[in-house]
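**Student:** The chain contents come next:
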Amino acid sequence: MGMGDVKMAGMLGCFLGPYAFLAVFLGALAGATVSGVLMAAGRIGRRTHIPFGTFMSLGGLAALFIGPWMWSGYLGLF
Amino acid sequence: MNFAVIRNPAKNSSAPDAPNDRRDATMAWGCGRLARMKRHPYRGRDAYAPTEPSGPRPENAKRPPEFRTSLSTRRMEAAKNRMTDAASTRIPYDFLDVPPSDERCAGFEEGAGHSPRSVSRFPAAETSDSQSAWRFPKGGPCRSRVRRGSGATRLRRRGAGFRRLSRRADARLSRFDRRSARGYACPGWWICAHIRVAPGIPHERRDAANLRGARLRGGVFVFTRLLRRGGSGLLTFVAGLFGLVIGSFLNVVIHRVPLGESVAWPGSKCPKCGASISPFDNVPVLSYLVLRGKCRNCGVRIPVRYPLVEAATGALLALAAYRFGLSFELAVAVVLVVALVSLAMTDLEHRLLPNAIVGPAAACGLVLSVVARPEWWWVYPASALAAAGGFSRSRSFIRAGWGWGM
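As they're listed, the protein sequences go chains A and B.
Counting from 1, one number per residue, gives the positions in the first sequence under this note's numbering.
Counting from 1001, one number per residue, gives the positions in the second sequence under this note's numbering.
Some hints could be false.
To be verified - Simulated restraints on C-beta separations: (1) A:Tyr74 / B:Gly1293: 28 to 36 Å; (2) A:Gly42 / B:Val1304: 19 to 27 Å; (3) A:Leu77 / B:Leu1289: 44 to 52 Å; (4) A:Thr48 / B:Pro1271: 21 to 29 Å; (5) B:Arg1256 / A:Tyr74: 34 to 42 Å; (6) A:Thr33 / B:His1350: 20 to 28 Å; (7) B:Val1371 / A:Leu29: 30 to 38 Å; (8) B:Gly1233 / A:Val34: 33 to 41 Å; (9) A:Gly76 / B:Leu1259: 44 to 52 Å; (10) B:Gly1325 / A:His49: 35 to 43 Å.
Simulated from the structure, these hints should not be mistaken for lab results.
The structure presented is a predicted model; accordingly, all values stated were derived computationally and were not measured.
Note that CB positions come from ideal geometry on N, CA and C, so glycine has one too.
Throw the hints in and build the complete structure from the sequences for me.
**Tutor:** Next comes the structure, spelled out in structure tokens:
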């Protein structure tokens, strides 16, 4: 993760407001899952660069379309 | 008195019958809100709308007791009242889109608009007269006694939760619900719509059980309610086509911006043989299929990334149009989708997130989202700073070895 990811998170904040946190979280989740799976399968090494921006943009799309739904569903758990 | 004669639908034989279950079932197969409005039994009947007297009304003239405004007017007024009530009494829940729990069922008691069940879909004043004053009493959809009817009446009443007649009829109704639910914008209405009334149980317990059951049953509908529909089919289609073209342009952006080349000039070229690509070979997705993924000149393989990006952009823009309709939010969504697709692909290909994309996109997004929701103008820059700041903080933690060793 480099400076570009930080700026991209800021950009998401400009678009999505508070849902940007959701986007970053979802991106981290997806990135960790995928890289964990790939690492377990031996496709990538420990030091390989993960394109975090790709995962963060997936998270951003999810937050854009179903963010409110996810958030209210999460609140509905309590 | 030059008000038009107001016909009572239940008493006048020339007026259409009160909506029955069969009609509802056919409505269920129509294509959405417009079709339903067109088939609405009261549509176009000016008898129900008053014609105002031409001159100024005298001071002491009373409205006739059976005065009724038209359906749409009353619905609009009800919605307006609800909105102003909500706005004046509490902080608007607009932003995080989570209504406070007591408002989940707002409007349900009135039986107007929000519940797609066949009875309450038609406003109480219109379906009821002295003999069938059927509406939810104030304070909740609870009744202690089953009113019996026969035939269509019973079917109609059953729709709002009396007795279950047959599994099949019930399935039909729920299908109808799912169909008709799409157009309604009440957040969480599906909780309202699934409340059933079982006679003979004390009110509180019944309400609690109904809400619980509604939540459970609502779970089935989560997938239909996931995306609230905003745009028409035509808008979605046009946005999809637009997205294909934009995606074709994004391919150029993804290819050239990380290399620092100009996006606009020169025109598209085959990276291997340098032959310029004709407009016929530049049609999104189709050209790839026609050329079978090979350059027309030298036969080098075109990466599958190109049609994929085009198709993905088209699909996402169509989705955005479907979700947001024609609004400022759509503009925000379009710019965001375009930026995210290009950033995802540049990161995947070059491990770069070019400032030339992030910067203008951020500025554009800030302006657009502030225009879309002016009352929340401070949220966007704040959360941009917070997201970036929190991120860089966690990044420095990770660097310092406090993280997960990424």
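**Student:** Each hint: holds or not?
**Tutor:** Here is how each hint holds up against the structure:
1. A:Tyr74 / B:Gly1293: 28 to 36 Å: violated (43 Å)
2. A:Gly42 / B:Val1304: 19 to 27 Å: Since the Cβ atoms of Gly42 (chain A) and Val1304 (chain B) sit about 25 Å apart, the hinted range of 19 to 27 Å holds.
3. A:Leu77 / B:Leu1289: 44 to 52 Å: With a Cβ separation near 46 Å, Leu77 (chain A) and Leu1289 (chain B) satisfy 44 to 52 Å, so the hint holds.
4. A:Thr48 / B:Pro1271: 21 to 29 Å: holds (26 Å)
5. B:Arg1256 / A:Tyr74: 34 to 42 Å: The hint (34 to 42 Å, Cβ to Cβ) holds, given that Arg1256 (chain B) and Tyr74 (chain A) are roughly 41 Å apart.
6. A:Thr33 / B:His1350: 20 to 28 Å: Roughly 23 Å apart at Cβ, these two residues keep to the hinted range, so it holds.
7. B:Val1371 / A:Leu29: 30 to 38 Å: holds (31 Å)
8. B:Gly1233 / A:Val34: 33 to 41 Å: With Cβ atoms ~35 Å apart, the hint holds.
9. A:Gly76 / B:Leu1259: 44 to 52 Å: Given range 44 to 52 Å: holds, Cβ gap about 47 Å.
10. B:Gly1325 / A:His49: 35 to 43 Å: holds (40 Å)
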